[in-house]
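Here the sequence shown stands for residues 1 to 265, where the numbers follow the numbering used here.
Derived by calculation from the structure, the hints in this document are not laboratory data.
No experiment lies behind these values; they were computed from the predicted model shown.
Incorrect hints may have been included.
What the hints assert, rightly or not - In silico lysine-lysine, DSSO-like type, Cα no more than 30 Å apart, as pairs:
1) 256 x 3
2) 230 x 194
3) 3 x 242
4) 256 x 242
5) 230 x 256
6) 254 x 242
7) 194 x 254
8) 3 x 254
9) 256 x 194
10) 194 x 242
11) 230 x 3
12) 3 x 127
13) 230 x 242
14) 194 x 127
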Amino acid sequence: MTKLAVNLSMIFTEVPLIERFALAHQHGFQHIEIQFPYELSIDDLRSQIQLYDLDICLINVPAGDLMQGGYGLAGIPGREIAFHQALELAIEYATALNIPSVNILAGKQPEDADLLPCLNTLANNIKLACYLLSEHNIQPVFEMINSTDMPRFLVQNIAQAQEILEVVQHPALKMQYDCYHMAMMGEDLLATLKENIDWIGHIQFADCPGRHEPDTAQIDFEPIFSWLEKSSYTGFISAEYKPQSHSDQSFTWKDKYFNHHQSSE
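Using the sequences and the hints, build the whole thing.
Following this line, the structure appears as structure tokens:
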């Protein structure tokens, strides 16, 4: 059974975050993800998910200045203490709210830094995250982000993600696979999903180019969603897109691809 989720950081942005839980519920979602929930207190988040019978399936470790154009934390030599503090905050939220998965954003290679020390820092920080998250039975995942939207990001494609898995060598660690980012990198979505599904812990989708809802651009989602439904994958599949117009009008894909097997979700 496909576990469908909606991202509250990119969808329903017409209203403040605290008001998006009601909209997710209104549109029939039971699972949500929030990139950075930390603007709200644990108590506020708990009250919203209880009120609307939702569960949060994924959050990110705080990423420092990454979303404001900076380098981030996880792969930046000299920022290890800041990463550790960010990780502890993510664990605090995840344990309090029963969030099963936490995503680690690698960050960007600084212009004045060599690549190898950044990758070594990233590997060490991911190892730490795997150890601490696993203690709480939280799934650690890390994400590939395309080099057009975020130049110099330290993990951009499947091959680089496979290298991270080999270096870290932790059984709990998996990739977070974002269809939009992988399409931007020229990856064959269906082929790479099939080849790597055992190493994928979370899937997100948006069409490409544009990063809007499905069926607004070039990705053919029918074979992807159809194969995932039949596959061994047991994780979440989450809508993480920028609505082309208004969020409320962006869910025609939900009936088309999911509602025929969403009755128990």
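Hints and how they fare:
no. : hint      : verdict
1   : 256 x 3   : 16 Å, holds
2   : 230 x 194 : 11 Å, holds
3   : 3 x 242   : 21 Å, holds
4   : 256 x 242 : 19 Å, holds
5   : 230 x 256 : 17 Å, holds
6   : 254 x 242 : 15 Å, holds
7   : 194 x 254 : 23 Å, holds
8   : 3 x 254   : 12 Å, holds
9   : 256 x 194 : 22 Å, holds
10  : 194 x 242 : 26 Å, holds
11  : 230 x 3   : 13 Å, holds
12  : 3 x 127   : 28 Å, holds
13  : 230 x 242 : 28 Å, holds
14  : 194 x 127 : 26 Å, holds
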